[in-house]
Every structure is written in C-alpha cells, then in structure tokens.
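A.B. asks: In the order they appear, the protein sequences are chains A and B.
Here UniProt numbering is used: the first residue of the first sequence is 1, the next is one more, and so on.
Here UniProt numbering is used: the first residue of the second sequence is 1, the next is one more, and so on.
In short, the hints are calculated from the structure, not lab data.
Honestly, I wouldn't trust all of these hints.
[Unchecked claim] Covered stretches of chain A, as calculated for chain B (at least 3 residues, CB under 8 Å):
(1) 28-40
(2) 154-166
(3) 253-264
(4) 279-292
(5) 316-325
(6) 370-378
[As the list claims (entries may be wrong)] In the DSSO-like style, the derived pairs of lysine-lysine whose C-alpha atoms are separated by at most 30 Å in a straight line are:
(7) A:K152 - B:K11
(8) A:K152 - A:K11
(9) B:K320 - A:K11
(10) A:K42 - A:K275
(11) A:K214 - A:K152
(12) B:K152 - B:K11
(13) B:K174 - B:K320
(14) B:K174 - A:K11
(15) B:K214 - B:K152
(16) B:K42 - B:K275
(17) B:K214 - B:K174
(18) B:K42 - A:K42
(19) B:K152 - B:K174
(20) B:K11 - A:K214
(21) A:K214 - A:K174
Don't be surprised by glycine CBs; every beta carbon is placed ideally from N, CA and C.
2 protein chains.
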Amino acid sequence: MAFSERVARLKSSLIREILAAAQRPEVMSFAGGLPAEPMLPKVEWAEMPASMGQYGMSEGEPALREAIAAEARALGVPCEASQVLIVSGSQQTLDLASKLFIDPGTEVLLEAPTYLAALQAFQLFGADCIGVPQEADGPQIDALRQRLEQHKPAFAYLIPTFQNPSATRYSEAKRDAVAALLDEFGVTLIEDEPYRELVFDEGSATPIVSRLRKASWIYTGTLSKTLLPGLRVGYLIATPDLFPYLLRLKQSADLHTNRIGQWQALQWLGSEQYKGHLAELRAFYRLRRDAMQQALLEHFADLADWQVPQGGLFFWLTLKQPLDTRTLLNPALAENVAFMPGEPFFIEPDRHPGHLRLNFSHVAPERLGEGLRRLAAVIRQAQAGMAA
Amino acid sequence: MAFSERVARLKSSLIREILAAAQRPEVMSFAGGLPAEPMLPKVEWAEMPASMGQYGMSEGEPALREAIAAEARALGVPCEASQVLIVSGSQQTLDLASKLFIDPGTEVLLEAPTYLAALQAFQLFGADCIGVPQEADGPQIDALRQRLEQHKPAFAYLIPTFQNPSATRYSEAKRDAVAALLDEFGVTLIEDEPYRELVFDEGSATPIVSRLRKASWIYTGTLSKTLLPGLRVGYLIATPDLFPYLLRLKQSADLHTNRIGQWQALQWLGSEQYKGHLAELRAFYRLRRDAMQQALLEHFADLADWQVPQGGLFFWLTLKQPLDTRTLLNPALAENVAFMPGEPFFIEPDRHPGHLRLNFSHVAPERLGEGLRRLAAVIRQAQAGMAA
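Bound conformation, chain A alone:
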C-alpha cells in the first residue's frame, strides 16, 4: 500500500492509548484533561428551532460569531464577527493552521514543553519544530529573540494562559515582550486559550494578540473546558489577511461545524446562567486543585518540584532525580494509576526526561491520596532500580 509521505510522520497516539487504558473503572486516572462529570451542566434542547437541522454556513452561525466577537473584545482582542470562524473543537484550528502554513520543512516556533496534540498535528504536516524553553512566568525572552534571529518560522504557537502541560501563566512583562518580538520579526502568532476561564487565582492576562501592532494572528478558544466537550464547538478569530483562507480550508475539511452544538453554545455564551456556571466550575476545580496540592505535598515533596497552578487542569511535576517517565506507565497501570509522561510534550522527548503531567479535575478527592501514594511508590521503586 502506497501511503502519503506524511503517514510516516503519523505517530501512534500515546495519549489515546493511555486514555483507553485509563477507562477501566478501577483506574485512578491523572492522565486525561476531561472535565469532571458532576460539573457538566444540564442543558435544554426543547427550544431549538428545526432549522438547525439544515445545512449551515461554513463560517458558523451568525449570532454565535457575534457573541464570540463580543466576548473577545471584552478581553481586549480587537475583532469583528466577520473574523470569527466556528470550528469543530479547537483541535480543528490546529489542522486548519497546519494546512495554511506548513509544507515539509516549514519552521514553526513552539514552547518547550508544548501541547502534545499541537506538536503532533504540526509534525504530521512536516513542520520543523523549534522550541523555546518555558520558565515559571513564560518563555525565556533571550532564547525567543535568538530563535527569531536564526530562523524564519511561519508562526509561533503559544498557550500563554495556564498552558497545557506546564500550567504556566505568562506575566504581563513577558506578554508584552513576546508581542514586541513577534512584531519586530513579523511572525504570525497562534494563541491558544482553552483554559482562560478556568482561573483560580486572580491576575491579569490580557491576550498577547491584543498587544500586537503589526503581526498577523489567530486566536483560538473552545467551549469544551467550560460547557460540554461533546458538542465539539470551538472557534478561531483571525486577522483579515488570514481569514478567507481559513474559511475555505474549513469548508474543504467538513463543510461546517454541527449546528445543534452551535445553537446550544449560543444559549450559554454571555448569559447570567453561564457566568454562574463558570463561578461554580472555578470553585469546584479550585477545591480539587487545593486537594491535589495537599496530597502532592504529602507524597511527592521529596520526589519532585512544581508550581501550584493558578488555573487550568494540570500540575506539572519535575522529578528531582530525572528518569524517563514513559517507563513508569506500565508499572503505574499495574497499580491502577494512570498519568501522562512529560517527554512527549517536547520536540525532542529523549532530551527532556523527568516530567509528569497530573490532571487534578477527574479523580475524586477521596481517592486522590491513594492514587498519588501508589504513583510515588512506582517512582521510588524505579529510582531505586536505577541506583542499584
């Protein structure tokens, strides 16, 4: 069978395999990024007009595009509804952006670590990925300047607010510095913000796209983390030089996003009910974050370092004594514990051993301590084996 060249770059998805293993009910899973089941809001469908069953526009529902543009403007993103494209979950933004920008060998700039599924999508299209080391308050600015001086990336893909996996929230100063550098070098920014609304500790985080003066940009978000991921409704907002191409690529990919999910999203976006739901969600996840922090202090204080995440869904642990955390997966699953190894979040996995991504939204607090105790034991045993 003669497949395309890109199929050779199609990785078997570690995430899918881990999540499949984690679906056994006895498994305590810190692996996924799923919303907690009890926090999925009850939704009503009775009022949906029959016309939502018909074909729709590739751009998305006009009223939803207006609502998303209004929310974005309130965040400081300068945009009109005409710049909003409704996508089938924000994963699709990565596919469309890859098609727009990436030929085999095209350079793209990413945080190190970065979102695994973005890295895989860009690599599938043949991108030559360049990493910028991440610090507690955002990317190393000197490294970013050096990369921009030495390379010609088609775009920079950044997740500045509660990054997956590192949970980093860029500081104001770094947001400004990044924007200034992208303007200086004329590099397009793709800013991915799935976790913006899942904030537990207040603080300013105006999007970087709102600080750009010249560079083109795509800003992308989703309803999956705050409403219902099963709707598969996300969006992108793009500068007018990019929008028409993204629209045609969207049409070629799947004609348009399902309208029933779009209609449901519109019932919530900007409503008092949604504000109330977001407040409940933050309170719920804050408690789980705090419970995880307590349990980590108990079981991991001597094993790893970490920052307390101010938002999002993950803790990012750095082992004091690094080892390839992929080797821990099977022993952990044998103890009915699932987690996400850190290596695949890096462009060169083998050069970045010793990180674990732990989701805190899914495991119920009463099982948390036991799950982390078992995971710590697996790590201790592996490290003892290394020392031996």
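With chain A's structure known, arrange chain B on it following the hints.
C.D. replies: Frame of chain A; chain B shown alone:
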C-alpha cells in the same frame, strides 16, 4: 505572508459563492443540494443522557458503529463495527483520505464529471487527477482499463449510485467490471454513497466494495441526505489495513465527531420510524423529480438532453449547442434564478462546456415552471449572442 504551497491550490469556492447569492429569498435556486425544509424530521432530545456532553472516542459511539456496520452488512458490505469510523459529515472522509494517500503529484482516478468538493479536496493536497468518462450506466470500461495500465493511482474515487452531478447509477455489469479491474491492478477504492437511500425507481445496486476480492477500500456514507445535515454525522468503513491510519488522522483533525449528533443518529438508524421517514422522503422527492421532468420537457426539450434520474437530487443537462455555462450565472441571477454550471465538475473545466446541474428538491413545484422558463430564456439569449 508565507503560506504553504497548497494554499496556491486552494480554489475560491464557486459553490459557496453561488449558494450565498441563492440565499436571497426571491431567488429560485436549482444550485444547491439541500434537503427540502418540510422533509426535515422533527427530532426529540429529551432522552439524551448527560454523558453525551463529555469527550468521546475518536472512533465514534460504539452503538452507532454497530448499527452502521449492521446496515452495511445488510447491503452486502462485509464489515465489523471495528471498521467503522464516525466522521463529521462525509466531506471529512475526503479530507482524511487525502491525508492518507495524497502527496503533491500523487495520481488519483475520478469519474468525469465527479463531485466538485471531492475534486477540490484532492487537488488541495496536490493530487494529479485522472478522469474516466462517465456513460449512462457507469464509467467507460475500456477507458478505465487504459488509465489503469498507464497510471499508478493511489485510489479510485467513485460515486456509483446516483452520482453527484450526473445522477448516474452504475449497472450491475459495470459494478462487476470495475471491481474486477481494481482487483486486477490492486487499486484502492473509495466508494461514496450519500444518495443511496434516495431511490425513486427500484433496481439493484450492491456496493462495489462488496464485489472486491483483493483491493483495499473505504466505503463512506452520511445521515445528511436522509436525516439532518445540521448534525454533521457521517461515517466511513475501511479495510483493516487502512483503518488505524484513518483513525489517527481523525483524532488529529478534530478529536472526535460531536456526540449529540451521533446520539440522535442512533435513535433513527434501523428504526421503524426511520424506515417510515425514508419512505415519505422518497415519495416526496419522486414527486418533485417528476414535476421537474415535466417542466424540463416543456422548457428544455429543444435545448438539452438528459436522463431522468432514478435517485439522488439532481438532473444533469447536456446542452445541444454547448457554451461555457459559467457565463450564464450572472444573467440567470439577474433573473433571480440560480443553478450550478457543469464545468467545475470536470478536472479540465474548459474542455467540458455545456452541462448544467439542476437540483429538484429545493424549489417548490409551483415556482418550478417559472424558474426553468427564465433559465431557458437566459440560455437562448446567450446562444443567440454566440450565433450573432
């Protein structure tokens, strides 16, 4: 702005522009392929479990995959549920298959004419498209053999049952002949069947994939023509050598298809209610097909030749005096009539003037005669201009 090479191959979508123009309420549109609004079934959502709001599997809902496999087996397609992938409308099958097979310069085999959006999707990925002329009962078999002897296509993309745009239903003999040739040359078949259930005149049409003995295949269908296109739920069934790649490509494209649409599709598929709905749909469209035939005989008998479609949604007209039908678009729209020019359905549009695709499902019968009268007048005027 440095875009990817493929963006240069991204055509402005004539379809989208025509459909946009056709949305003005005063326009009588024969352009689209939309189901008739009165035939969109009333659907219920009250029983949908809350769990459909959570993330799902990239493969799709297990029960829906089972139901689709059962329906396919009843048609003679040998398959298991494990070979079924739920996609975001069958347009997505074209995107996934393009990713799986097409590098710039990869040869693919298509009917001439073929489905416009498929042609555009394959060309976007850089396919070198090879056409096989279509006759009233399917492709010219001699031409097909000759193409297979002279080329090495990665796949053949065929729409054997009520093809869009030509409405052709392959004969039994041609189905067998095509299968034998694809087996002989070891060429993968992509068989696209959106219109299978919209049949007005009985007759056998077992899928070609069920006649293959060796060649790999992808069989793709959709709920969009028979239930609700707004759900964006389609499917593909693939041989086991192709399935794992298509699954990973699906995950990279949009994680999974929306679950609410999948749940709704499952309520209908295989039910008595669905069988009743399909019977009503066929009766409704048969009447519209017959009304269109009458109106065409009245207004187009001296202008064009055509076959009466036995299924699907379109008449395909061949002008007795060919001209570039794209030049008729603006004069027709000035008369508040929209139609689809035939040229873009061919790999080399300029070499195939003189066809029109007319949809018969959308325009109400009482406006049909007036719409076709105006369209015929536009054609007569253009032909008179050519003669002058």
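A.B. asks: Are the hints correct? Go through all of them and say.
C.D. replies: Evaluation of the provided hints:
1. 28-40: holds (count 5)
2. 154-166: The restraint on the stretch 154-166 of chain A is violated, since only 1 of its residues have a Cβ under 8 Å from chain B and three are required.
3. 253-264: Contact hint for the stretch 253-264 of chain A vs chain B: holds, 10 residues under 8 Å.
4. 279-292: Contact hint for the stretch 279-292 of chain A vs chain B: violated, 0 residues under 8 Å.
5. 316-325: With 0 residues closer than 8 Å to chain B, the stretch 316-325 of chain A misses the three-residue bar; violated.
6. 370-378: violated (count 0)
7. A:K152 - B:K11: With Cα atoms ~27 Å apart, K152 of chain A and K11 of chain B stay inside 30 Å; holds.
8. A:K152 - A:K11: 26 Å, holds
9. B:K320 - A:K11: With Cα atoms ~54 Å apart, K320 of chain B and K11 of chain A exceed 30 Å; violated.
10. A:K42 - A:K275: 15 Å, holds
11. A:K214 - A:K152: Satisfied, since the Cα-Cα distance of roughly 17 Å is no more than 30 Å.
12. B:K152 - B:K11: 26 Å, holds
13. B:K174 - B:K320: Holds: K174 of chain B and K320 of chain B sit about 27 Å apart, inside 30 Å.
14. B:K174 - A:K11: 40 Å, violated
15. B:K214 - B:K152: 17 Å, holds
16. B:K42 - B:K275: 15 Å, holds
17. B:K214 - B:K174: 18 Å, holds
18. B:K42 - A:K42: Distance ~22 Å between K42 of chain B and K42 of chain A Cα, so the pair holds.
19. B:K152 - B:K174: 21 Å, holds
20. B:K11 - A:K214: Holds - the C-alpha atoms of K214 of chain A and K11 of chain B are around 27 Å apart, at most 30 Å.
21. A:K214 - A:K174: 18 Å, holds
This entry does not satisfy hints 2, 4, 5, 6, 9 and 14, going by the numbered hints stated previously.
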